[in-house]
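> Okay, here's what each chain looks like letter by letter:
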Amino acid sequence: MTVVKTSMRNFLAHKGRMALSAVAVLLSVAFVCGTLVFTDTMNTTFDKLFAATSADVTVSPKAAEDDDQGPRTGRPEALPASLVQQVTKADGVKSAEGAVVSMSVTVVDAANKKMGSDNGAPTIAGNWTRNDLKSMDITSGHAPRGPTDVMVDADTAEKHGLQLGDALRTIAVTGDIESRISGIASFKMTNPGATVVYFDTATAQRKLLGRPDAFTNISVTAEEGVADTRLKQHVATALDGAAGGPYKLQTAKEAADSGREDVGSFLDVMKYAMLGFAGIAFLVGIFLIVNTFSMLVTQRTREIGLMRAIGSSRGQVNRGVLVEALLLGVVGSILGVGAGVGLAVGLMQLMGSMGMELSTKDLTVAWTTPVVGLALGIVVTVVAAYIPARRAGKVSPMAALRDAGTPADGRAGWIRASIGLVLTGSGALLLYLTTQADQASEGSLLLGGGVVLTLIGFIVVGPLLAGVVVRAISAVLLRMFGPVGRMAERNALRNPRRTGATGAALMIGLALVACLSVVGSSMVASATQELDKSVGADFIIQSGPSGPIVPKAEKALRAAPDIEHVTSYKMIKAELTAPDGKKETEELVAADPTYAQDLRRETVAGELAAAYGKNAMSVGSDYAERHGVEVGDTMTVAFTGGESAKLKIAAITSDESNVDKGAMYTNVTTAAQYLPADRVPPNMIMFAKAVDGKEKAAYAGLKKALADYPQFTVQDQTDFKQGLKDEVGQLLNIVYGLLALAIIVAVLGVVNTLALSVVERTREIGLMRAIGLSRRQLRRMIRMESVVIALFGALLGLGLGMGWGTTAQKLLALEGLGVLEIPWTTILTVFVGSAFVGLFAALVPAFRAGRMNVLNAIATE
Amino acid sequence: MTTAMTIPRHGGTGGRTAVAARARQLVKAYGSGETRVVALDHVDVDINRGQFTAIMGPSGSGKSTLMHCLAGLDTVTSGEIHLDETEITKLKDKKLTQLRRDRIGFIFQAFNLLPTLNALENITLPMDIAGRKPDAAWLNRVVETVGLADRLRHRPTQLSGGQQQRVAVARALAARPEIIFGDEPTGNLDSRAGAEVLDFLRKSVDELGQTIVMVTHDPVAASYADRVLYLADGRIVDEMFSPTADQVLDRMKDFDARGRTS
Numbered sequence: 001m002t003v004v005k006t007s008m009r010n011f012l013a014h015k016g017r018m019a020l021s022a023v024a025v026l027l028s029v030a031f032v033c034g035t036l037v038f039t040d041t042m043n044t045t046f047d048k049l050f051a052a053t054s055a056d057v058t059v060s061p062k063a064a065e066d067d068d069q070g071p072r073t074g075r076p077e078a079l080p081a082s083l084v085q086q087v088t089k090a091d092g093v094k095s096a097e098g099a100v101v102s103m104s105v106t107v108v109d110a111a112n113k114k115m116g117s118d119n120g121a122p123t124i125a126g127n128w129t130r131n132d133l134k135s136m137d138i139t140s141g142h143a144p145r146g147p148t149d150v151m152v153d154a155d156t157a158e159k160h161g162l163q164l165g166d167a168l169r170t171i172a173v174t175g176d177i178e179s180r181i182s183g184i185a186s187f188k189m190t191n192p193g194a195t196v197v198y199f200d201t202a203t204a205q206r207k208l209l210g211r212p213d214a215f216t217n218i219s220v221t222a223e224e225g226v227a228d229t230r231l232k233q234h235v236a237t238a239l240d241g242a243a244g245g246p247y248k249l250q251t252a253k254e255a256a257d258s259g260r261e262d263v264g265s266f267l268d269v270m271k272y273a274m275l276g277f278a279g280i281a282f283l284v285g286i287f288l289i290v291n292t293f294s295m296l297v298t299q300r301t302r303e304i305g306l307m308r309a310i311g312s313s314r315g316q317v318n319r320g321v322l323v324e325a326l327l328l329g330v331v332g333s334i335l336g337v338g339a340g341v342g343l344a345v346g347l348m349q350l351m352g353s354m355g356m357e358l359s360t361k362d363l364t365v366a367w368t369t370p371v372v373g374l375a376l377g378i379v380v381t382v383v384a385a386y387i388p389a390r391r392a393g394k395v396s397p398m399a400a401l402r403d404a405g406t407p408a409d410g411r412a413g414w415i416r417a418s419i420g421l422v423l424t425g426s427g428a429l430l431l432y433l434t435t436q437a438d439q440a441s442e443g444s445l446l447l448g449g450g451v452v453l454t455l456i457g458f459i460v461v462g463p464l465l466a467g468v469v470v471r472a473i474s475a476v477l478l479r480m481f482g483p484v485g486r487m488a489e490r491n492a493l494r495n496p497r498r499t500g501a502t503g504a505a506l507m508i509g510l511a512l513v514a515c516l517s518v519v520g521s522s523m524v525a526s527a528t529q530e531l532d533k534s535v536g537a538d539f540i541i542q543s544g545p546s547g548p549i550v551p552k553a554e555k556a557l558r559a560a561p562d563i564e565h566v567t568s569y570k571m572i573k574a575e576l577t578a579p580d581g582k583k584e585t586e587e588l589v590a591a592d593p594t595y596a597q598d599l600r601r602e603t604v605a606g607e608l609a610a611a612y613g614k615n616a617m618s619v620g621s622d623y624a625e626r627h628g629v630e631v632g633d634t635m636t637v638a639f640t641g642g643e644s645a646k647l648k649i650a651a652i653t654s655d656e657s658n659v660d661k662g663a664m665y666t667n668v669t670t671a672a673q674y675l676p677a678d679r680v681p682p683n684m685i686m687f688a689k690a691v692d693g694k695e696k697a698a699y700a701g702l703k704k705a706l707a708d709y710p711q712f713t714v715q716d717q718t719d720f721k722q723g724l725k726d727e728v729g730q731l732l733n734i735v736y737g738l739l740a741l742a743i744i745v746a747v748l749g750v751v752n753t754l755a756l757s758v759v760e761r762t763r764e765i766g767l768m769r770a771i772g773l774s775r776r777q778l779r780r781m782i783r784m785e786s787v788v789i790a791l792f793g794a795l796l797g798l799g800l801g802m803g804w805g806t807t808a809q810k811l812l813a814l815e816g817l818g819v820l821e822i823p824w825t826t827i828l829t830v831f832v833g834s835a836f837v838g839l840f841a842a843l844v845p846a847f848r849a850g851r852m853n854v855l856n857a858i859a860t861e
Numbered sequence: 001m002t003t004a005m006t007i008p009r010h011g012g013t014g015g016r017t018a019v020a021a022r023a024r025q026l027v028k029a030y031g032s033g034e035t036r037v038v039a040l041d042h043v044d045v046d047i048n049r050g051q052f053t054a055i056m057g058p059s060g061s062g063k064s065t066l067m068h069c070l071a072g073l074d075t076v077t078s079g080e081i082h083l084d085e086t087e088i089t090k091l092k093d094k095k096l097t098q099l100r101r102d103r104i105g106f107i108f109q110a111f112n113l114l115p116t117l118n119a120l121e122n123i124t125l126p127m128d129i130a131g132r133k134p135d136a137a138w139l140n141r142v143v144e145t146v147g148l149a150d151r152l153r154h155r156p157t158q159l160s161g162g163q164q165q166r167v168a169v170a171r172a173l174a175a176r177p178e179i180i181f182g183d184e185p186t187g188n189l190d191s192r193a194g195a196e197v198l199d200f201l202r203k204s205v206d207e208l209g210q211t212i213v214m215v216t217h218d219p220v221a222a223s224y225a226d227r228v229l230y231l232a233d234g235r236i237v238d239e240m241f242s243p244t245a246d247q248v249l250d251r252m253k254d255f256d257a258r259g260r261t262s
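Protein sequences, first through last, are from chains A and B.
Number 261 in this note's numbering belongs to position 261 of the first sequence; there are no gaps in the numbering.
Number 134 in this note's numbering belongs to position 134 of the second sequence; there are no gaps in the numbering.
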């Protein structure tokens, strides 16, 4: 009991010194809990949405299952309207209603402004049914009644200032639907961001499906007292052997579950990525906690010696420190759980500003969240304090008698050196082997091992490196500051273990930043090089997330002036039978013959141009080798939804390529022969070439042609490359943002080390002030020390990270990342930035040191 | 006093007076109301240039406070202190720090040296801080005088307690301050090491013309001084010139006895 009491008193007495450690625990726990609460809330939101929108039983075409992002045709799979009658006759059915839903649409206002979001939330068009009344209320106007009526969801209306009577154009593959807003409907629960428009059933069938006698699914409502699973059985019986079958039947629960699965897998990726970053922050926090307790134990050496002298056992001293750590962990974690909920609310608002609406009404704190947060926070803190606690236990009773004014230099021993060198060395070896690997899977294991080993190795040898690196940095930087600089250098060097651990904490975050920046810019450089090498087209026209390029837009593009040619590019699914009899389902690229100029491909046999001849095609070299295909062979190609064709192999393309690797080409007209007209998919992407010397005019012409279709973009090569760079840059920025947490904790670590050092050196500071060191000089000395520690961490981190990044690039060269580019601007910015971080970290400690009363400082024991 | 006049000095105002520092009506009080404690009670004192002055007194007599105030380490409640011709009680921290750096030397009882610097670096520290080059000839003479020539590259932890205090003495002397303050500089040393340090202090007064003020409670230490001031209850109650240890001890006993009977 006395142990606990003493620990409690110590904890309270030194709460100031523990504050930053508590903040570190708090931040890490908050990030974990925030992530959990946030993703749970998203799940709740989607659960509620899916539960409300699903009918008791939904009947949909089986084929819809295969298409993950909507069919390539841009038209939803449909079932015959007559099926509704059949379903209605089944036992237990109260009512059955045909529904039309298409997600391959874009809605624009009168000014051709897109109404949908750009960040993954779908735009959904459909017919207004009774089932929709379960999840929506019409808040103004009326439901769509005629071919020119459209009803829009209230969130979209509000976001874009839409009012009754405003014109909306809905663009589908089957054509545009021009209509005026007849009503606005509000979701009864949170709609995270989907844009929804409703038409009357006839309009929806005709315009979205292109045929008046079909639906995309049937919503079945059960009679009172009939369970959904029961109803499903009845409907299945009624539909047994029905035309166009078999069909997919889902109960409300199954539909909600499958909807959640889709969203859930995305949410899971996000959750685990964020938890990963929280883990890094925890790792960094460990250094801070170890440093804090080491310093507290050192400062308390005499006190501990006295305890030992009057009869405390080693175990008691040891446990005493651990109990303090436990208290720290508990306090930090409890605050962290609270802060985590706050963080989740903040994240929800952030998402709101980016167009993903979440409501705090759905805020979900599962009971596991605080449990996980507390357990993690406490366990990490206590484990981190274990080494300092053991050291405390080893303090001899003689320490009470010794004058332990300043702690002895914790010299890093040769054991540490050799362990560290062995680890670093074997890590480096693994990294070297990674660069020699010829298979990505084996290489990534080596890379992972190498990264972990070199990281641990660097952490272990950190204190030794601190000596060398700090001297080197000081030689360059601090010498110009004369004696103040020299004292700062000596202070940074006096306890290498402390400096090493503080720097290592910063090293971790910065190493990841450096590594990712190297990989990111290598990605951009490699892609740019590849584009320069192989793309002959001047312009690239891309479809949006809402489906392929609609025929009307294609027509407009083809009519643009100053264009030499426009190339179609369609993906068509087919089952191939190779000459060896093996069957494989593949996606063929059906393109215009000009595609051979737009994308230059090497061939290992035949001429690529010949593949666009009548009833001809090409295959990739890998496929050719696997199936023993040669030029001149004939393949059986069974187009999905169409006829079977015999196509002659006219060329074999080399698979030593990063663009269109393994693609099989055939002419659009060839494919069209074997497919019904509504099965020929629109273009996924298109290419265009300008008439020589008219590039500018052509670019402007193409842009103008797409003015009515804001969902498609046309870019020339320069803009395309820039777009690629921006995309990678954005991704990197998100990752840097998440790494910022680990870096903040590391900076807190620098502040912590300095603050505790200042306390520890009170007498020294007093002495220096007494013999004439001015406040300004004192503050400068502490700032210098901080800068040196920060630069030490930065140098190690950037060096290590560039090594990792370079290795990763060598490995990814197998996957097409052929060019290594080290982003020196980023690296230098981070390095210089670290110096400023050092200055910033020293602000408070330097201020406090400057304010110390000289006399009290001298008198301090 | 003639030797003092021949020693070139840094700082000061040029007009040399026989008094290096003087305090007038010096009051230092802590707290207020009922808990008010007066550490210095209207003290008037002159510290003579080129003399070794010892301040003695029982614990709580105010001797350390007096020294701290004279040295510009502590603020005063009222009264004036002149260092040469500079009135220091009104100075701001910045000026005061400069004054300590350029015109005053310190020797504390313990923890005099920075553990990260070697002996030589510790000695030249005040000048380094000021950005001044130490006068090499003078530095050599000081180092010779305190007998540290072969220990200059050692870190404080590699030096004995006596050696450490000698380094502190050398540091105080090296910058040629107008006045050196010692706060029980031999308090932590055994009698032999203490005697060595005191010898050097004596020598620096005799040979280098240094002014020294030393707080001590050791009669033997006080016997090295030219003049001993006795403090009790924040007042100067007596003084003695060219004392011996026995005389000092006797006087101390008198005070003790008086203190007990009164």
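Calculated from the structure, these hints are not laboratory results.
Think of the CB as a built atom: it goes at the ideal place given N, C-alpha and C, for glycine as much as any other residue.
Hints are not guaranteed to be accurate.
Claimed, not checked - DEER-style ranges, computed between Cβ atoms: (1) A:Val844 - B:Ala29: 50 to 56 Å; (2) A:Leu350 - B:Ala29: 56 to 62 Å; (3) B:Arg235 - A:Val468: 55 to 61 Å; (4) A:Val468 - B:Glu207: 44 to 50 Å; (5) A:Val844 - B:Thr77: 46 to 52 Å.
> None of the hints should be skipped; say for each whether it holds.
Each hint tested on the structure:
1. A:Val844 - B:Ala29: 50 to 56 Å: Violated, at about 33 Å.
2. A:Leu350 - B:Ala29: 56 to 62 Å: Given about 59 Å between the Cβ atoms, the range holds.
3. B:Arg235 - A:Val468: 55 to 61 Å: Between Arg235 of chain B and Val468 of chain A, where Cβ atoms are some 59 Å apart, the hint holds.
4. A:Val468 - B:Glu207: 44 to 50 Å: 46 Å, holds
5. A:Val844 - B:Thr77: 46 to 52 Å: 32 Å, violated
Figure legend: structure checked against the earlier numbered hints; hints not met, in rising order: 1 and 5.
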